[in-house]
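There are 2 protein chains.
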Amino acid sequence: MGLIRERGFKELVLVDDALRIMLDNISPVDNETVSVDNSVGRVLYSDIVAGDDVPPFDRAAMDGYAVRSIDVSGASPNNPIRLRVVGSATTSQPYIGVVNEFEAVRIDTGAQLPKGADAVVLLEDTEYNNGFIDVYRSVSKYSNVSVKGEDIKKGELLFRKGHFIHPVDAALLRTIGISEIEVYRRVRISLASVGSELVDVSEERREGGIYESNRVLVMGMLSRWPTEFVRSIIVGDDLNGLSEFVESSLLDSDIIVTTGGTSLGRGDLVTDYISRRGSVLLHGVALQPSKPVLFAIVDGKPFIGLPGYPVAAAISTYIFLVPVILKMAGVKGNLYPKVVEGRLRRRVASKLGTLQVVRCKVVKKGDSYLIEPIYASGAGVLSSLARGDGFLLIPENVEGYEEGSLVRVYLYRDVIEDGEGI
Amino acid sequence: MGLIRERGFKELVLVDDALRIMLDNISPVDNETVSVDNSVGRVLYSDIVAGDDVPPFDRAAMDGYAVRSIDVSGASPNNPIRLRVVGSATTSQPYIGVVNEFEAVRIDTGAQLPKGADAVVLLEDTEYNNGFIDVYRSVSKYSNVSVKGEDIKKGELLFRKGHFIHPVDAALLRTIGISEIEVYRRVRISLASVGSELVDVSEERREGGIYESNRVLVMGMLSRWPTEFVRSIIVGDDLNGLSEFVESSLLDSDIIVTTGGTSLGRGDLVTDYISRRGSVLLHGVALQPSKPVLFAIVDGKPFIGLPGYPVAAAISTYIFLVPVILKMAGVKGNLYPKVVEGRLRRRVASKLGTLQVVRCKVVKKGDSYLIEPIYASGAGVLSSLARGDGFLLIPENVEGYEEGSLVRVYLYRDVIEDGEGI
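In order, the protein sequence lines correspond to chains D and V. Under my numbering, the first residue of the first sequence carries the number 324, and numbering increases by one thereafter. Under my numbering, the first residue of the second sequence carries the number 324, and numbering increases by one thereafter.
Hints in this document: simulated from the structure, not taken from any laboratory. Errors might be hidden in some of the hints.
For identical chains, the list gives no copy identity; a pair is met inside one copy or between any two copies.
[To be verified] Derived DSS-like pairs: lysine-lysine, alpha-carbon spacing no greater than 30 angstroms straight-line:
(1) 655 <-> 484
(2) 661 <-> 687
(3) 484 <-> 624
(4) 684 <-> 476
(5) 484 <-> 650
(6) 655 <-> 476
(7) 684 <-> 471
(8) 464 <-> 674
Just chain D, same shape as in the assembly (with noise of 0.2 angstroms):
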């Protein structure tokens, strides 16, 4: 494990064996039923098999005359075959007769083939006349027919447990005729803004007193992801109400989150109150902002102490907190993140052995991006969130990168404001 002296801390671990400590003493959460229309987002709890052929029968793939491919053998607009129509199939009313030797039943795209037919011809290739068709084109067995079972096999496997659930796969699940599916719960997770300087935006602040942010910045962050806020409320410094939030929250929370006071300054009041309670898995990594983060088990489950600075808890939930809720909530895969990649409108800087990074603008200009580097001068500055689009890291053994170098940045939001989507 990488191990970096740092003035304060007493070493600082290195983002990645910090994140493999986190990863290492978690695991996923139990199961539920929930119906697949109230699916996406979830996480499936066991493998899903298909229970069914799609589609369930052989059915028409154009609008056209259901017919015997031998009987149309050799059609041509020289040397049309001549069927007789018996009947009509749409997808409200099957044809229920059997097609026999040189007869032909109408058929509606998607509708169910008659007994006896194996093929459709094409609207287009027949001339309809007094009951009967000319057929002037042949058609080999199958042509223009979605064969039973040719989407998905009976038996299949389609999903693995673990699988993150799309629209398309609930969609997918409902063909099959899947109501209800076995997913993870949930992840319940207990939050805390920690500051006696923090006021609810609901107050009146007072002198000295700072409108809290983290709660909304932290849950918003984790919206995506199956997550249930148990409670999510503002700790002032003081033991006690730090030490009920957290034994409330050890009876129905599968994780605790604070912010705030995990620093080493007088008022640091988690670090204090949670080395004593729990046992401290790691405090401090070489994240740049963001070096206070705490990690510890407290009777048998997670706690994770974020810095209190705004750009800092962002960042920390970026890196720490987004992959552990992932494990707890049973996702098998990774994060696909989304990048892109441009070119740096100024130099930037970073210290060796911290994994810096910094919020940056991203501009479309012609084919191409260029990547703005947000000036600020510390964690606190918020606005230097609001005011980019994404992060450019700076790995541990990269010093900086100069002006025009192409470079890599994880996109935060979804609507870039002077970029070009599709």
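Given chain D, put chain V in place with the hints provided.
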């Protein structure tokens, strides 16, 4: 406008032109007030100007002593300067007195700087002894201080009308003490899945019946955007049902969306009905798979008829419905797509004059990606979407791509099972 002659449809409109026709004929919805806590994923209806400075007062950026920088000018390890400690300032209890000549106040990070002081000396640059400190390092004015308005200045324009609100933006709004904002209200959508073969998954599948899957697909694909589904029902291929759906929806929805029934077959009721009931501006686009797209204005409201085959419904939702809903939702700016670049594992072909959408699986191999096109015989094959991760678009003027070509894939998934995230 580009037109492509095609059997069946009199003419196919190019995708860009079709989208232009839609966007030119819709307008954003009106507004409502929401709390900032519920504003993530909504769209600002008015500009936001900062009503206060952030931080609202000068405050300590580090733990230390609040001092008058002039007093410690010239301080060094060899020439320490002694100050009298007259009090303490924490985030909960600001120091209410004034710091006079050669006085200091012990101060925590985040606490308000006392009057008289103009800088903070770091704890480690001092030594405390019996009510006094020796200061071993000089500081300049505002050293280790976050000055009032450093983050945001009162009167500054923070966000423009049309801004799509990310959690960092909501946090910023809270920071400046805003608790409620004006946003565009959610776009009210009425959705019908049209077809007599369709059976809700809660019912027994009858002979010739197919489980309906388009509603969960379309609703899921729009769930990230500010929408509200007023109704989402199955309508059989009968005029009464369709007419009833359309007339009710006109009363309480901003847009009407159907899937199915937009082709040219006998049962394609939507085309027939809407042609008579409203004004059709578009029917048939040069998009494969997804030709039978219908756009009309009915009593001044937009009507979009998407194809019934699930794959075509998904693709036309992605290409047309999402941008339409974003404009109606008031979003300014562009949806930034999640893109991955990789080498094609197999040749893909396309017809000139048509935008071809190929479903692809993305496979991580070392540091690069392989793009595996998914073979699918038709638009009915929903499993091609569920097995894939994204879309490869083959433009109208390209006949296909050879194996090994470097191509871009637009991902619809957030989690890639075989991929590797950050």
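Do the hints match the structure? See the list:
1. In this assembly of identical chains, residue 655 and residue 484 lie within 30 angstroms of each other by CA distance solely inside one copy; the values are 8 angstroms within and 39 angstroms between copies.
2. Taking the shortest alpha-carbon separations for residue 661 and residue 687, both the intra-copy value of 16 angstroms and the inter-copy value of 15 angstroms come in at or below 30 angstroms.
3. Taking the shortest alpha-carbon separations for residue 484 and residue 624, only the intra-copy value of 24 angstroms comes in at or below 30 angstroms, while the best inter-copy value is 43 angstroms.
4. Proximity of residue 684 to residue 476 under the C-alpha cut-off of 30 angstroms is restricted to the inter-copy arrangement: shortest distance 20 angstroms between copies versus 48 angstroms within a copy.
5. In the homo-oligomer, the alpha carbons of residue 484 and residue 650 lie at most 30 angstroms apart inside one protomer (13 angstroms), although the nearest pairing across protomers, at 37 angstroms, exceeds that limit.
6. Only within a single protomer do residue 655 and residue 476 lie at most 30 angstroms apart by alpha-carbon distance; the minimum there is 24 angstroms, versus 45 angstroms between protomers.
7. Proximity of residue 684 to residue 471 under the C-alpha cut-off of 30 angstroms is restricted to the inter-copy arrangement: shortest distance 24 angstroms between copies versus 52 angstroms within a copy.
8. Taking the shortest alpha-carbon separations for residue 464 and residue 674, only the inter-copy value of 25 angstroms comes in at or below 30 angstroms, while the best intra-copy value is 70 angstroms.
The structure meets every hint from the earlier list without exception.
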